[in-house]
Amino acid sequence: MSTIIIAQAFISTDRTGVFIISIIAILIVLYTTYFRNNKKPFTIRKINGLQAVEDAIGRATEMARPLLYTPGWGGDIQRPTTIASMNILSFVAEKTAQYDCDLVFPTHDPVIMSVAQEVVKESYSRTGYPDRYKEDNISYVSSSQFGYAAAVDGIISRTKPASIFLLGTFEAESLILAETGNSINAIQIAGTDSTIQLSFFIVACDYTLIGEELFAASGYLSGNKSILASVQAQDMMKVAIGLFVVIATIWATVESLSGNPLSNWWNF
Amino acid sequence: MNRQIPLVVCFSFGLMMFLQYFSTHTVARSLNLAILDYWQIIFAFTLILGVVSYIKVNMTKISRGIDRPYLIVGLIGMISMPIMALIWGIKADSPFMWMFENVQAPMASTVFALLAFFVASASFRGFRARSTQASILLGAALIILLSRSNLPIPYAENLSEFADWIRNYPSMTARRAILIGIGLGSLTTSLRVLLGIERTWLGGEN
Amino acid sequence: MDISTIVAGLLTLIIFSFLYKDNPFYKMAESLLIGVSIGYVLVITWSNTLMDMLFEPLFQSGKLILLIPFLLGLLMLGRFSNKTAALSRIPIAVMIGSGAGIAIPTMLYNRTIKQLTASVMPLFSPDGTFNFAGIVVIIGLLSTLAYFYFSREHKGKFGLFAKVGTYFLMIFFGTTFGYTVMSRMSTFIGRMEFLLSDFLKITQ
Amino acid sequence: MHLLPRHFVFIGLFLLIGITMALDIDVDVKVSPYTKQMHAYIDSIPEGSTVIMSFDHEASSLPEIRPIALAMLRHAFSKNIKLIGVSLYPEGTLIGYRLMNNIGKEYNKTYGDDFVYLGFRPQYIAAILSMGESIEKTFPQDYLGYQYNAIPMLTSITNYDDINCVISIADGSLTTHWIEYGGQFDIKILGAVTAAMVTTYDPYLSSNQMTAMIGGLRGAAEYEKLFGMKGGGARGMLAQSAAHLYVIFLIVLGNIFYFRSRKKGAKN
Numbered sequence: 001m002s003t004i005i006i007a008q009a010f011i012s013t014d015r016t017g018v019f020i021i022s023i024i025a026i027l028i029v030l031y032t033t034y035f036r037n038n039k040k041p042f043t044i045r046k047i048n049g050l051q052a053v054e055d056a057i058g059r060a061t062e063m064a065r066p067l068l069y070t071p072g073w074g075g076d077i078q079r080p081t082t083i084a085s086m087n088i089l090s091f092v093a094e095k096t097a098q099y100d101c102d103l104v105f106p107t108h109d110p111v112i113m114s115v116a117q118e119v120v121k122e123s124y125s126r127t128g129y130p131d132r133y134k135e136d137n138i139s140y141v142s143s144s145q146f147g148y149a150a151a152v153d154g155i156i157s158r159t160k161p162a163s164i165f166l167l168g169t170f171e172a173e174s175l176i177l178a179e180t181g182n183s184i185n186a187i188q189i190a191g192t193d194s195t196i197q198l199s200f201f202i203v204a205c206d207y208t209l210i211g212e213e214l215f216a217a218s219g220y221l222s223g224n225k226s227i228l229a230s231v232q233a234q235d236m237m238k239v240a241i242g243l244f245v246v247i248a249t250i251w252a253t254v255e256s257l258s259g260n261p262l263s264n265w266w267n268f
Numbered sequence: 001m002n003r004q005i006p007l008v009v010c011f012s013f014g015l016m017m018f019l020q021y022f023s024t025h026t027v028a029r030s031l032n033l034a035i036l037d038y039w040q041i042i043f044a045f046t047l048i049l050g051v052v053s054y055i056k057v058n059m060t061k062i063s064r065g066i067d068r069p070y071l072i073v074g075l076i077g078m079i080s081m082p083i084m085a086l087i088w089g090i091k092a093d094s095p096f097m098w099m100f101e102n103v104q105a106p107m108a109s110t111v112f113a114l115l116a117f118f119v120a121s122a123s124f125r126g127f128r129a130r131s132t133q134a135s136i137l138l139g140a141a142l143i144i145l146l147s148r149s150n151l152p153i154p155y156a157e158n159l160s161e162f163a164d165w166i167r168n169y170p171s172m173t174a175r176r177a178i179l180i181g182i183g184l185g186s187l188t189t190s191l192r193v194l195l196g197i198e199r200t201w202l203g204g205e206n
Numbered sequence: 001m002d003i004s005t006i007v008a009g010l011l012t013l014i015i016f017s018f019l020y021k022d023n024p025f026y027k028m029a030e031s032l033l034i035g036v037s038i039g040y041v042l043v044i045t046w047s048n049t050l051m052d053m054l055f056e057p058l059f060q061s062g063k064l065i066l067l068i069p070f071l072l073g074l075l076m077l078g079r080f081s082n083k084t085a086a087l088s089r090i091p092i093a094v095m096i097g098s099g100a101g102i103a104i105p106t107m108l109y110n111r112t113i114k115q116l117t118a119s120v121m122p123l124f125s126p127d128g129t130f131n132f133a134g135i136v137v138i139i140g141l142l143s144t145l146a147y148f149y150f151s152r153e154h155k156g157k158f159g160l161f162a163k164v165g166t167y168f169l170m171i172f173f174g175t176t177f178g179y180t181v182m183s184r185m186s187t188f189i190g191r192m193e194f195l196l197s198d199f200l201k202i203t204q
Numbered sequence: 001m002h003l004l005p006r007h008f009v010f011i012g013l014f015l016l017i018g019i020t021m022a023l024d025i026d027v028d029v030k031v032s033p034y035t036k037q038m039h040a041y042i043d044s045i046p047e048g049s050t051v052i053m054s055f056d057h058e059a060s061s062l063p064e065i066r067p068i069a070l071a072m073l074r075h076a077f078s079k080n081i082k083l084i085g086v087s088l089y090p091e092g093t094l095i096g097y098r099l100m101n102n103i104g105k106e107y108n109k110t111y112g113d114d115f116v117y118l119g120f121r122p123q124y125i126a127a128i129l130s131m132g133e134s135i136e137k138t139f140p141q142d143y144l145g146y147q148y149n150a151i152p153m154l155t156s157i158t159n160y161d162d163i164n165c166v167i168s169i170a171d172g173s174l175t176t177h178w179i180e181y182g183g184q185f186d187i188k189i190l191g192a193v194t195a196a197m198v199t200t201y202d203p204y205l206s207s208n209q210m211t212a213m214i215g216g217l218r219g220a221a222e223y224e225k226l227f228g229m230k231g232g233g234a235r236g237m238l239a240q241s242a243a244h245l246y247v248i249f250l251i252v253l254g255n256i257f258y259f260r261s262r263k264k265g266a267k268n
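Protein chains in written order, with the numbering used here: chain A, 1 to 268; chain B, 1 to 206; chain C, 1 to 204; chain D, 1 to 268.
These are calculated hints, taken from the structure and not from any lab test. Hints may contain errors.
Derived, one-sided and incomplete: chain C residues facing chain B with beta-carbon distance under 8 Å [unchecked claim]: (1) 7; (2) 11; (3) 49; (4) 54; (5) 98; (6) 171; (7) 184.
Every residue gets a Cβ at the ideal spot worked out from N, C-alpha and C, and that includes glycine.
Whenever a hint applies, use it, and build me the whole structure from the sequences.
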């Protein structure tokens with residue numbers, strides 16, 4: 001009895017709904033990760049732009065110019081988008097290691113810098129070229145938004161990278177980087193969860209990953225089973241969301257037409 | 001061992017933060033605050049790593065003679081800020097804040113203002129009605145811009161109402177769907193991190 | 001004119017010179033901007049975080065619990081040597097782990113549940129008027145979600161529906177572009193106001 | 001001098017804005033419902049209530065932010081609302097202090113009694129959450145170094161429960177964090193943001209997670225009109241309209257070139 005009271009005191013009532021949905025969502029992810037995938041391999045639809053990733057790395061190699069990868073000014077390491085970007089970075093670094101192409105990674109956040117150094121270094125050793133890893137290429141530039149923008153801009157206009165990856169959380173600096181990249185004719189692959197910057201990336205870059213595609217991209221590129229399982233879980237949740245919206249809308253419409261006040265059960 | 005300890009730490013802190021979200025208990029609230037303070041403090045220490053990396057990278061370039069005079073100016077700028085702060089403090093009218101207000105801020109806002117030009121060149125170059133999708137993008141942008149130009153044209157009122165309608169319904173709903181997708185993607189990514197399936201940040205997949 | 005305005009004005013003009021092309025003056029200004037902004041963040045973080053949040057309460061008020069973040073911070077500095085670099089994984093684990101932990105419920109609630117429930121509305125009002133905007137919202141939401149559905153190729157009827165989703169996406173991108181143009185132009189106008197009235201004194 | 005097409009685009013913009021700004025002609029703006037809603041809300045705040053004004057922007061966006069912030073400050077001070085200034089970006093700190101101080105003086109307000117500036121806290125999420133527990137713990141001292149409990153207007157303020165609303169003056173996504181994390185404490189969030197951010201916040205406005213919002217230089221001009229004064233917003237309106245028409249012209253011109261070259265391509 002007392003444990004129940006303590007438990008009740010510990011869980012605030014207004015968030016019970018979120019708690020239950022969180023648990024359901026977690027169970028779905030666990031289900032697709034540990035049970036479902038063993039039975040049937042999961043394939044993912046074609047994502048525009050991802051076929052271009054290898055071409056972009058190949059192009060940099062052929063032209064003997066560096067490849068620039070930057071995660072934007074808007075994120076920090078606690079942000080899931082940054083983790084997704086690190087995933088893609090790991091894939092890109094494996095390729096640049098194999099092709100012996102310079103990978104330049106400027107960032108505004110020292111913690112991201114540290115993690116990226118770790119990620120790239122491991123990718124280089126995993127592919128068997130630890131000596132090709134250059135720590136100085138993964139550098140902290142400035143935490144100020146336009147200090148960062150000016151720095152990356154400078155790197156782009158002076159080292160003239162053949163390919164530019166803009167993957168992460170971007171804010172206003174997005175178009176400065178994308179237009180400068182354009183002026184030196186780099187192939188640009190962008191992807192972000194910052195919705196307003198997407199419009200600029202779509203106009204100025206060759207390929208753009210929109211929101212959730214960024215999360216799916218790492219699974220698509222690496223073929224990593226656990227990421228693919230997550231994507232599958234996301235899809236299952238999307239179906240649930242679609243059904244919820246349809247049912248709730250019909251319910252609301254019937255209620256409205258019958259002249260009753262709306263029950264609003266869908267607001268929790 | 002190198003991987004086990006961080007994974008355990010990651011899981012325990014993650015679980016704590018997850019659970020505290022649902023609790024109004026004082027223990028949970030203060031735990032939340034404490035961990036958020038840890039973020040700031042760890043960030044502050046890591047900034048030292050960042051600054052050292054900046055100095056190192058620039059020193060290497062200077063010793064190789066690449067862009068020497070420019071980089072020296074940058075280094076002097078960087079070092080002079082803490083020195084000024086130490087001598088005169090950082091209150092509103094100190095030399096440190098003078099540098100901020102008259103050197104850093106105007107340059108940063110001008111770099112920002114460059115965007116107006118890049119917007120113009122991107123409009124000229126990138127905004128082509130190549131496909132149905134591109135035409136819709138272009139049409140929506142034109143309607144919004146026209147409606148916000150204070151033009152003395154007939155139906156300006158209706159145009160502006162139509163622009164608001166676009167912003168409030170079709171545009172808003174698309175953004176909502178993007179947000180929902182990002183929410184789901186973030187959710188599963190975070191969960192993989194907690195469970196230790198996602199280990200890229202540790203450098204490896206195994 | 002005071003020295004502050006002259007310095008700010010000249011630096012403003014130098015940055016604008018990048019529009020023609022990269023040049024020595026711009027390189028100088030860019031490097032200065034990066035250096036000064038790093039110095040600035042360093043000082044601000046030192047005084048607001050390390051002094052106010054760590055050293056003063058720890059060493060002056062004796063809040064020993066702060067030894068934990070202090071230690072975590074020091075472990076981060078382990079990266080200076082290859083031998084101790086692996087230690088930095090612990091503070092990183094704290095940040096990534098707690099960030100992920102808090103992200104699960106907040107992302108789910110704010111980005112998903114709230115957005116979802118706000119889309120639900122009756123398609124007819126009690127007097128029988130059809131809610132056109134309501135159906136646009138529902139179709140837009142479902143078709144855009146269909147675009148983000150990865151389990152199936154975009155072919156056939158489903159592909160068509162997902163394509164409708166891309167149209168909604170394009171409307172959003174166009175609208176955002178329009179608003180952002182406004183914003184960027186405003187920034188430039190603000191900068192010009194400084195140049196014309198404070199620096200060059202052409203206008204009032 | 002070797003000029004590229006984009007240089008002509010740049011020169012055109014420079015001349016256009018320079019000339020329209022020198023002209024100083026008033027443009028009559030129509031006040032949007034969004035701005036009316038914002039104005040009505042601030043108008044309805046009872047005298048003597050306390051409002052947090054958060055300067056969540058960098059120095060770079062000051063040109064656009066300044067007129068918006070000034071309009072908000074003037075309205076709040078004229079309504080005898082007490083203001084607590086904070087900043088979640090280091091760069092907004094001094095700017096917020098200067099703006100608040102200047103407008104405070106304009107309305108004969110006393111520092112410490114009518115308004116106070118607490119300054120900056122790093123890690124915005126942490127700062128927002130921790131102010132929900134205790135503002136004093138988050139800011140033991142104000143910007144000028146006075147102890148929290150020595151400031152008269154703060155003695156009755158513990159956390160968001162004693163605050164009417166938060167006005168986030170932002171050039172980026174920081175207001176999102178106010179909504180997402182501050183919202184947990186049932187505090188009303190108002191946004192005074194750059195035009196670029198407007199569409200980002202629409203869903204929050206429509207789901208009532210955000211109470212009201214004004215956007216951009218135009219929003220400032222509209223607000224100035226409701227409030228009955230001419231400020232930076234109104235002064236920039238002619239140039240603003242001209243800039244929009246210029247961008248429209250460029251888009252149309254770009255498409256004429258595009259269709260011409262396509263026709264030619266088809267003929268050959």
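Going through the hints against the structure:
Below 8 Å, beta-carbon pairs count as interface contacts, and residue 7 of chain C has one with chain B at about 5 Å; its hint therefore holds. Annotation: residue 11 of chain C was flagged as interfacial toward chain B, and the flag holds, the nearest CB pair being 5 Å apart, inside 8 Å. Contact between residue 49 of chain C and chain B, as hinted, is supported at the beta carbon level, the nearest pair being about 4 Å apart and thus within 8 Å. Annotation: interface hint on residue 54 of chain C holds; nearest CB of chain B at approximately 5 Å, less than 8 Å.
This hint holds: residue 98 of chain C has a C-beta 4 Å from the nearest C-beta of chain B, less than the 8 Å allowed. Nearest Cβ of chain B to the Cβ of residue 171 of chain C: about 5 Å, under the 8 Å cut. The hint holds. Hint on residue 184 of chain C holds. Least Cβ distance to chain B is approximately 4 Å, under the 8 Å limit.
Hint compliance for this structure: no hint is broken.
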